[in-house]
Each structure stands twice: as C-alpha cells, then as structure tokens.
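For the protein sequence lines, the chains are A, B and C, in the order given. Per the working numbering, the very first residue in the first sequence carries number 1; after that it's consecutive. Per the working numbering, the very first residue in the second sequence carries number 1; after that it's consecutive. Per the working numbering, the very first residue in the third sequence carries number 1; after that it's consecutive.
Wrong hints could be hidden among the right ones.
Copies of one chain are not kept apart here, so a pair can be met inside one copy or by any two copies together.
[To be verified] Derived pair list, reagent style DSS-like, types lysine-lysine, alpha-carbon separation capped at 30 angstroms:
#  : residue 1 : residue 2
1  : Lys286    : Lys422
2  : Lys225    : Lys147
3  : Lys339    : Lys422
4  : Lys148    : Lys286
5  : Lys333    : Lys225
6  : Lys286    : Lys219
7  : Lys422    : Lys147
8  : Lys147    : Lys286
9  : Lys339    : Lys286
10 : Lys393    : Lys225
11 : Lys148    : Lys219
12 : Lys339    : Lys393
13 : Lys339    : Lys147
14 : Lys393    : Lys422
15 : Lys393    : Lys333
16 : Lys393    : Lys219
17 : Lys422    : Lys333
18 : Lys148    : Lys422
These are computed hints drawn from the structure, not numbers from a lab. Values in this document were obtained by computation on a predicted structure and should not be read as measured data.
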Amino acid sequence: MIPNVVVNILNNYEYLANNLWVVIAALLIFIMTIAVGFLEIGELGLEYTESLIKTITITGTAIFVMAIVGFNTAFAPTIGGLIGNPFYAPGFLLGGFSGSVSGLLSGIWWSTGSSYFGTGLTTGTYFLFEAASASVTFALVSVIALKKVKFSALFIFSVVYFTIIWNLPAAWIWNPSGWLYLMGMRDFAGGLVVHAAAGAAGLAIVYQIWREERSRGLKESTQVKIKVSAGWLTLSILLLWVGWFGFNPGSVLAFNSDVLVVVITTFLAASASFISVMFFKYMQTKENPGLLYAVNGILMGLVIITPLAGFVSPGSAFILGLIGGPLFLAGEKFFSRFKWFTDPVGLFPVHLLGGAFGLSMIAFFTQNAFATASGNSNLPNGLLFGGGFLALKQLGIEEFGLVIVLIAVFAISFATIWIISKAIHGITVSEKSLEKTKFTIPVLNLAPEKDFEPVDFSEEKNEDIDKPVPKK
Amino acid sequence: MIPNVVVNILNNYEYLANNLWVVIAALLIFIMTIAVGFLEIGELGLEYTESLIKTITITGTAIFVMAIVGFNTAFAPTIGGLIGNPFYAPGFLLGGFSGSVSGLLSGIWWSTGSSYFGTGLTTGTYFLFEAASASVTFALVSVIALKKVKFSALFIFSVVYFTIIWNLPAAWIWNPSGWLYLMGMRDFAGGLVVHAAAGAAGLAIVYQIWREERSRGLKESTQVKIKVSAGWLTLSILLLWVGWFGFNPGSVLAFNSDVLVVVITTFLAASASFISVMFFKYMQTKENPGLLYAVNGILMGLVIITPLAGFVSPGSAFILGLIGGPLFLAGEKFFSRFKWFTDPVGLFPVHLLGGAFGLSMIAFFTQNAFATASGNSNLPNGLLFGGGFLALKQLGIEEFGLVIVLIAVFAISFATIWIISKAIHGITVSEKSLEKTKFTIPVLNLAPEKDFEPVDFSEEKNEDIDKPVPKK
Amino acid sequence: MIPNVVVNILNNYEYLANNLWVVIAALLIFIMTIAVGFLEIGELGLEYTESLIKTITITGTAIFVMAIVGFNTAFAPTIGGLIGNPFYAPGFLLGGFSGSVSGLLSGIWWSTGSSYFGTGLTTGTYFLFEAASASVTFALVSVIALKKVKFSALFIFSVVYFTIIWNLPAAWIWNPSGWLYLMGMRDFAGGLVVHAAAGAAGLAIVYQIWREERSRGLKESTQVKIKVSAGWLTLSILLLWVGWFGFNPGSVLAFNSDVLVVVITTFLAASASFISVMFFKYMQTKENPGLLYAVNGILMGLVIITPLAGFVSPGSAFILGLIGGPLFLAGEKFFSRFKWFTDPVGLFPVHLLGGAFGLSMIAFFTQNAFATASGNSNLPNGLLFGGGFLALKQLGIEEFGLVIVLIAVFAISFATIWIISKAIHGITVSEKSLEKTKFTIPVLNLAPEKDFEPVDFSEEKNEDIDKPVPKK
C-alpha cells in the first residue's frame, strides 16, 4: 500500500512527473563527472589514470559533502541573501538519523513550493539534481590539476569547494532568496554558477601551481602534451552530450513543453558550434580539424547555451552556436599565449570564456515567451528582440553579477589553496619530491595501471593483502 | 508557477506520461548514432577514427537539418500523401525566432492529436524522437563509407538525406496522411523506413564507389578487413541494445502496457537470434563463433523484430528471432560473393535483409490484440493466426510498399551521390589523390589519433593556434 | 486512440508513474550484466574477451529463460510458500502466442495489486525489472569462471540457474506468499537474494573446479593475475553505479518520495565505503591504493546497503558505508588465504560477505519510518533505534533465512554443476584438453580479438562465409 508519509507528491500528478523527470536528469548529470575523466584520458592519453580515480573521487565526495552541509549552504533560505542556512531542515547529512516525516520523506523543498518555483520537488529530488551539478562543476575545475597537484591537496580543496565555493554563487543566483536573484539576475543552468565559476576556481589553482613552479626556478609552467585516444574521447563527448540532456532541460525543475524546447535549443547550439569550429578551423588549415576540434566544438556550443537555454528560441540557439566557432578559436589562441600555466583540456577557452559569453547573451537573445515557459517570466526581451532599456538594465545586472562572482570565487579559491599549500608544504608534486615521497604521500601513483601496456602486479597484490607493500 | 503556455500537456496526466516516456526514448535513440561509430571501430580496428568523427557529425547534422526542414517534410500534413508541407507551423528551424505560443511551446503535434494517434505528444517531443531516428538511419547508411568516401561528399549527401531521402518513406508510411499509410501499410518502428531503406541508400553509394574504383582500373573493390577490438565492440552492442529499448517501445508514441510488451518482444527476438546465430555457426565450424557473430546475432534479431515488435506476441518474437540465425548466415554468404563492394559491418545482410524480412512477416505473425494495443487496430491477424484473405492482402500491401520504397530510395540516393560526384570530382579518395590532396581536401585525416599507439602532436597543436599547420 | 485493453494502468496516474519509473530502473539494471564483463576486463586485462561474450550471453539467456518459466517460479503465487506456480497466467513464455487481454496486455501483476504491494505494476514491467535482476546476479556468479570453465557448462548451468536456483530465494523472500516473507524476513533489494546467494552459487562452482584441478594433480588452484585496464575498469564502475540507481530505488516498485531517499542512502553508502577503503588501505601501505581499491570500495558500499537501502536513514547509510572499508580489507585478506580457488574479481569478499553483512544490519539500523515509506511497515526499528525484543527477533529471522538460503543455493548449485560435469566430462578446460579440443568443444576461444593488439583475421572470415574454417 502507498504509505501515508509520501502522499504529498502523489496527490498532484504534475508534481509526480516533475520529480520523475528531475531525478532522471540528476542521473544524467551524475554521469558527467566521470565523463570528464574520460575527456582527460581522451585528450591526454591513457597514462592519465589519475584523471579517472580523480573523477570517481569527486563523484563520491560531492554527494557526501553536499549531503552534510553543502546543499543547505546553497539552497536553504538564505541569511541576508548571502548564504543558505546550514541548520534548515532536514539539516546536516539530510537529517542524519532523523526518521521524522518532516523533511526528507515528506514535504516539498521550500523553494520548489507554490510560493516560489511551484514545481513541487521533494528535498531528495532537488538534492540529487544539485549535488550532481556541483560534482561536475568541480570536475571541470580539476582538469587543470593534471599530474601536477597532490591528490591530498585536491581532496581537501574539494571539501571546501562543496561546502562554500560552489555554494555561494548558487545561493546568490539560483536560490530565490539570494541577493543577485532578487536583483533580477538569471543564469538558467549555470553558465556562471557552473562554467565560468569553475574557470575562476581553476585560475586560482593554476596561479598557485605557477607560484610553486616559479619558486623552483622554472621559467614557464611545464606544458602538458595532447595525446588523443580516439575511443575514450568519443565516449566522453557522448556521455557529456547525454549528460547535458539532463543538465539544461532538468533546470526547468519541472516536466512540461518547455523541457523539450530546452533540449532543442541545447542540441541546436551544440550542432551549430560543432560545424562552426570545424568550418573556421578548416579555413585556417585546409585540413580536417580532427576529433579534438570536433569535441571542443560541441562542448563550446553546450557551454554557451547553458545560461540561456530556457530563455531563447531555436533560431537564437542556432546563431549562438555559430558564434561558438570563432569564439573558441580566438579563446584558444588567446589563452595559449600564456606560458605560466597549461590548460590542455580547455577549461579557460571553453568553460570560462563560453560561460561568460553565454551569460552576457541573456540580455541580447532572451524572448519573454520562452523565459516564461521555463518559469522566469520577469526576464525581459533581449536587445535583439526589442527589449530596449529593460534589456540594457538586464545586461548591467548580468555583467555586475559576473564580475562579482568571478572575483569572489577566485578570491576564496586562492585563499583556500594557499592555506592548503602552507599546511601540506606545497600543492604540487615536483619530479624530485615525487621520487622521494613515493611511499609516504598519497599522490596518485597509478603508473602500473596503464591501459595499453598492462603491467602485472598480482603478486604484489597478493602480498598487499597480508602486509604493507615493501618499501623497495 | 507553472506557466500558462504549457498547461496544454499538464491537464492530461496520460499525455504527460506519454511525453516523458517518448523523450526518454528519444535520448536512448540519440545514443545509437555514435554507438554505430563504436561498432565500426569494434569490427574494423581503432585506426578507423574516421568512423567516430563521422558519427559525431551525423548526430549534429541530423538535429539541425531535421529542425530546419526535415521534420516537416516527413511529419507535417502531406501534400497529396507524398511529402510533408515544409511551411506547416512551426515551420523552418522549428519556428526560428518565433516566440508565438502556437507551435513549439504549446499545442500538440497534429498527428498525435485526438483525431489521429491520440497520444498528445508536443511538437518538441515528437521532433526529438524522429530526429534521433533519422540520425541513426544515416549512421547505418554510412557504414559503407569506410575510409573510401570523402568526408565532404558524405556531409553534403547527409544534408540531402535528412531533407528528403529519409523523409519520403516516413511521410508515406508513418505520417497518417501518407499514401502508403492510407493504403493500410504499417511498419512499426522502421524495418523499412529505417533498416531496409538504409540498405537501399547504402547500395547507391557503394555502386558509385564501384563506378569510380572501376574507372581507376580496379578489377574488384578494395576489401576492408575485420579487426575485432573486443572492448569497443561490446560497448557498441550494449549501447545499441539500450538504444533499441527506446527505438521500438518508444514507437508506441505513448506510455501504456503495450510499451512493456514491445520491450519484451524486442529483447526476446534479440536473445533468440543471438542463440540461433551462435548455434548454426557452431554447427558449421565446431568452434565458438566469437564476439563478431554474437554481436551480429543480437543485431539481426533486433532488426527483424523492429517492423512488427508492436504487432506480435512474445512467442512469435521468439520464433522470429530463431529464424534470424540461418537468415543472417545465408545473407552473409550471399552478399560476400559480390566483390564489387565491401560491407564488413554488415549493412546488407543485417539491415537490408533483416528489415525486409521482418516487414514481410507482418502479414504472417500479427495478432490483432497486440496491434490494437500499439494503436494499429486496423491491422488484421497474420496468416499464421487465421488472417486468411485479409492477411494475404496485407502481405501484398507490405511487399508493394517495400519494393516502391527501395526503388525510390535507391534512385534518389544514386541521383544525389552522382551529382555530388560530378560536383567535387569523385566521391572516393584514391590512394594517390589522398597523398596529393592531403592538405587541400577535407578528407578525414585522423591518423595521429590512434588509441593504442598515441602520437604526440601537442607541439603542432600549439602552433595550430597561431598559424596554419605547415605544409611539411 | 488509447486502446481499451490498456486502460487499466491509465486510470490511475500513480500506477502510470510507478510503471514508468520501474521500467526505467529495469533498463538501468539491464546494463549491469555487461558492465560486469567490463569489470572483468578492467581487472584482468583485455585478453579476457571471454568475459565480454559471457556477459552478453547471460543477458540474452536471462531474458528468455525468465520469460519461459523463471519469472513464474519466482513471482507467481507460490505452491506452499516454496516455489511459484509455473502455470500461473500468463504462463510459459509470458503467454506464448496468446493474444488474450488477460495477462500481459492488461491487468496488474497479482503481487503488485492492491491486496499486496499496491503499486500497480503490469506483468511486463515487473517481469523486466526482475529478469534484469536475475541476469546481473548470474553475472556475479560467473566472475569465478574466468578462463577455466567451459562455455557449454556455464550455459547449461545458467539455464538451470534462471529456472530454479535464482528463483527459490526470490520466491521465499520477495514473493508475498513465500514462506520466509510470511515469517517476516525482508531483503530490500537483494543483499541475500542477489549478492550473498551469488556467492553461494559461485562457491559451488569453484569447489567443482577445484575437484577437477585436484584430480589432475594440482596442489593448489591456478591463480589468476590482476592486470588493471584503467579505462574499462572506470567504465565498469560508472555503469554499475548508474545501474544501482535503478537496482535499489527501483525496488520500491513505485515512484514516490522514498525512491529519492533510497538513491541517497545508496549513494552515501557507496561514497563512505569508497573513502573508508581508500583511507584504511592507505594507512596500511602509505601509498595511494589506486583504481582497484577505489572500485572495490564503491562496490562494497553498494552491496552492503542493498538489503536495507529502503529501511534506513542517510546517517545510517553513511555509517554502514564507513564499516565497508575494514570489512572489505578483512574479507580480502581472509579469502586470499585459501589457495584452492582464485577469486580475483572479488565475488566472496564483496558480494558474499558484503551482502550477508548488510542483511544482518537490517536488525540494527532499520527505522520504521523509512521502512514504511518503502512499503515495509511491519519491519520493526533496529537495535540501535530502540527496537529491543522485536529487533532481536528480526535478527533471528534474518540470520535463519540467510543460513537456509546459502545452504540451499550451494546445494542445488553443486548438484547441478556436478551433473553437468558428469554429462560433459568435466566443466574445466585443462591446458592439454584445450589444445586438443580446440576445434571440437565450444570453449570460448577469442584470442585473436584482443583490444590492444588487434590481429587481422579477415581472410579467415571471408572463408568462414563459404565454408567451415579449415582445421589447420
């Protein structure tokens, strides 16, 4: 029999469908974190097994840190618009051992109730969707770790990240009691909250990497080389594309006609950007640009459309995607000039640049009919659709929020990584210290686990079981 | 708050469930195009990276060409039963920049309204489902391109393909105003519209390849060798199997008890065909047939059941699958006799033969109770279930439609590829011209991107950004 | 038009949502069987292509044997609480050719009707969910086959397995007319029915392997070595994790708030166990434990939480996961002491031990509010939540059921494999006989299909088509 404690979502079939759709979207987003690991081995080669264990770790860490407190700091009713109340029910670890029916098993999360978004998501549904989103955001940040950053440093940083760094922009922009939300700022599925903010956090980390590299006498940062592994790279873009099917359309937080429109705007932007990158790159080189540009073309389109997928028409999504080609190529050229960091997977040209660009385009391409359908009826038409003064005001709000968030995320991220660096004597692994500390520091050391050149360590493994590995 | 513009699907919980199911099915089908790329590298070896970029390109191209016009030419109310009206609302590019509430954001696609299929799909839902189906159809066609066909030729062909070649059979058979549909022809999920028609289009392309190879003095077509890559081949069949979970059951265009029956008939046919191929092949060789036959066995069953998965009982599906074994082995033997083409991935023995066979079986195995449940109540019982004269008439209709569609698709495809060949001086890449034109024709040239022997081109990459690749 | 035969699930929107959710869960579980194949090549190396064809075969076999009779022996109304009635409608092969509206196309499966679970699943929905569960259970059993067991032996065993061995515990514990269910035993998603019982069946097979190895004069069983293939291992844990998103939450057999809670308890346990294994292993070796321990850590948490994911709070799930680390390491140490079998993929330390442990924890960690939400309102609070005498009684019931089921499954499995061994002259492939019988026994012989060193056998293949492979 259907237990009484769960009747609340059952007495409304729209709420039931909304929850079913959003939890499926959450599952699709959940896949994306490990997909970023495949993106790394696809672009850097199978010896980057660190990337795989890293994204597995991020997936796990995101879930429990978000459950402990991170969901509340982002999405509970805010304290002065600044940060979600960590004590708001269900509270720490989603209520911990509480079997009370208020909170997790029954009731609707406040911001999805009829006074706010009105989509009737349960606390569990909304938690899963947002925890998955936070997870993939940090996966993006982490692509600049490469083999350079100690696993311990990255892990400690991730705990802070899911507690406050990811959460503040979410509390400000996505939480209906956040100060930027109340000011009128909108960011549909995270052009800023996810992509550009990931770029700002990544910038803080590469800056600390550079400070440590420079102090070791390096003239420029060690550049990481591209080694395409075609199968894994293709699998990664497939999984990321599938994930975006949840990421953007799930951000409607409901299941209705607009969800389908958002799938369409998302996919059209991806297709157009793919074609645009391939075309302009071909024009430059008169050669087929290959898989690397194909994948980055798709990603660029997906990132650009993310902040406004629910606000624009299919035609606008197509135009935005076409802009993606020149923008990506220009961004790649620009960021490759700096030799004090290395960004082979493209955090800055794709996510930082694409996210910031897409966010700014809200004030140009929004059509109120589409924004209304995704639950943002207050968003005015963009400049290209007769928005006039209201659109200009919206542009000011978006740019203001963009600058504030990038500065805040960079500052907190740098403070965090700086403290971690002090605490563990540097976040980077020098060639030398790597050799010395091989058995004493939890640096990822998965060299034997290469795919294409498997090494037998079964004897060691059997010994592992009985005693610690001998310090050869 | 739930916006007013989307109330139309919300006031009917059945429609809501139908849309939710069909969009999930669309996502599953969406995966299949790139899965065909994995099938190619799984059967031909990882150096076929062209296959991967090809299927990524097809995925993107399908979405935008279908959005621009292809969805309408297939599914809008037809002009004289022949072709869908390209101007029907929402019109080109799904309405382009139109923010009007009629069309995409509200309203139900005409053919799923209560006067026709009665399942209440939104325009967006139905578009996504059919665009994904068109995409995977062309992926099947493209398996005969191998490394022989210029990427530019394939791309131009695909634009025509999604505009008219895929669309005509769909307009005739799946569109409730199509002339073959009105004549009583049925093809549940595309035994003809997808699989056999893909074979006819592929035949046109291999014929043009052969004409060009012959004119270069070849006595027989260059045969492509099989190199099984076990991991990728297994991944491809997993993804295709999962995709078929959407492909056939999604073709109910609704969510009801019959969807589950269709999953069952689909999976039973796949299982039975797998066992049948393995058994008969083992009988021939007294050796385990291996992964290649396992995969083709499953595919053969899935293709055979596709045109009638919603019309038959589990028992019939099992029988149909068992027939798959001898049929596949006979088809493989038959098609391998011809040396003027090469078809290592099995477009002809699996998709052309299996699709045509399954379509013909409609007139033998249909049971009206099942057909009714999938919304095809006019379909009579088959010959094996007492259908008698009505079943014979149905057989005539199906065979008539089969012949007409195969001829039409072959003819239009050949005309298209012939024109393209004239325009770009041949669709094939000769060994010689490949060398010469390496840097001037957009042939896929992904040699450095092998999986098992990664080559470092990061330095080139950094140069790429600043200037065109030097013509070494 | 919506056909009349399917109105039954349509007149209840909760039933519609329940069916939609559970069939999606079934699809996710369906993926897990082949994911176990990827787990094997991920841990043992790409030359274990047998693992891939094996799991493809299991997927297919499970569906058709469960359809023929296995679903009924497990889930039809039982004969005396012992075994489901194989003749219960729809009967063999899900009704075979019956087009009758009673059974598959209409009506609700009896145990999900309002007198029992009350979730309104159709026969097809429930069949797909349970067939997928049975399939993955046997995939777990089969990980001890390695390259040692003849494919024919495994295939015959699987037919018996899906007819009666998997089915008896399901009939006893999951069937609401089963004798252990009526006694009050609960096993939420299969800590015993799936994981521990797989261990018991696997034990029977390794015992028979050992008997044959010993009779050939071996002093200890040939140990299989670990060769990590990082990409495939990561893909396997991603697919298994995604599969568990259906496995546990789908076991609510409905879509309601509790489904979300079960996703959360499942994922929290996985995350906590991952961290716990990594931490304790690091403490032992002062080295990063690497991908192998990461993956086993996640699996251990997922297995432990499976029998009680729907009964406990997030806090308890977290604690249970943390226990997973020491438990796995102790189990690995314990089972590696025995040299008469080899278990490199961890059937015994993960699935047998983890499943049995989790089942026992029902009597400690259950909170009635959560159990009620998952439809098990009779389950008392655990000992840690004031359950007192009722919890002790529950502990007795669970342990009694555990012992009975493990003994029964081991006994029937051993009897089955012993008979098969007699019938086909041994289930194992000796090095010698492998050479001799290469072309006459359907042993898996896929050596040419390695991933990282592809061997061209296209010429053989072309010959295959015309005549049997020559007996070189």
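Practice task
Just pull the numbers of the violated hints for me, sorted ascending.
Solution key: Hints 6, 10, 12, 14, 15, 16 and 17 are the ones this structure does not satisfy, whereas the remaining hints hold.
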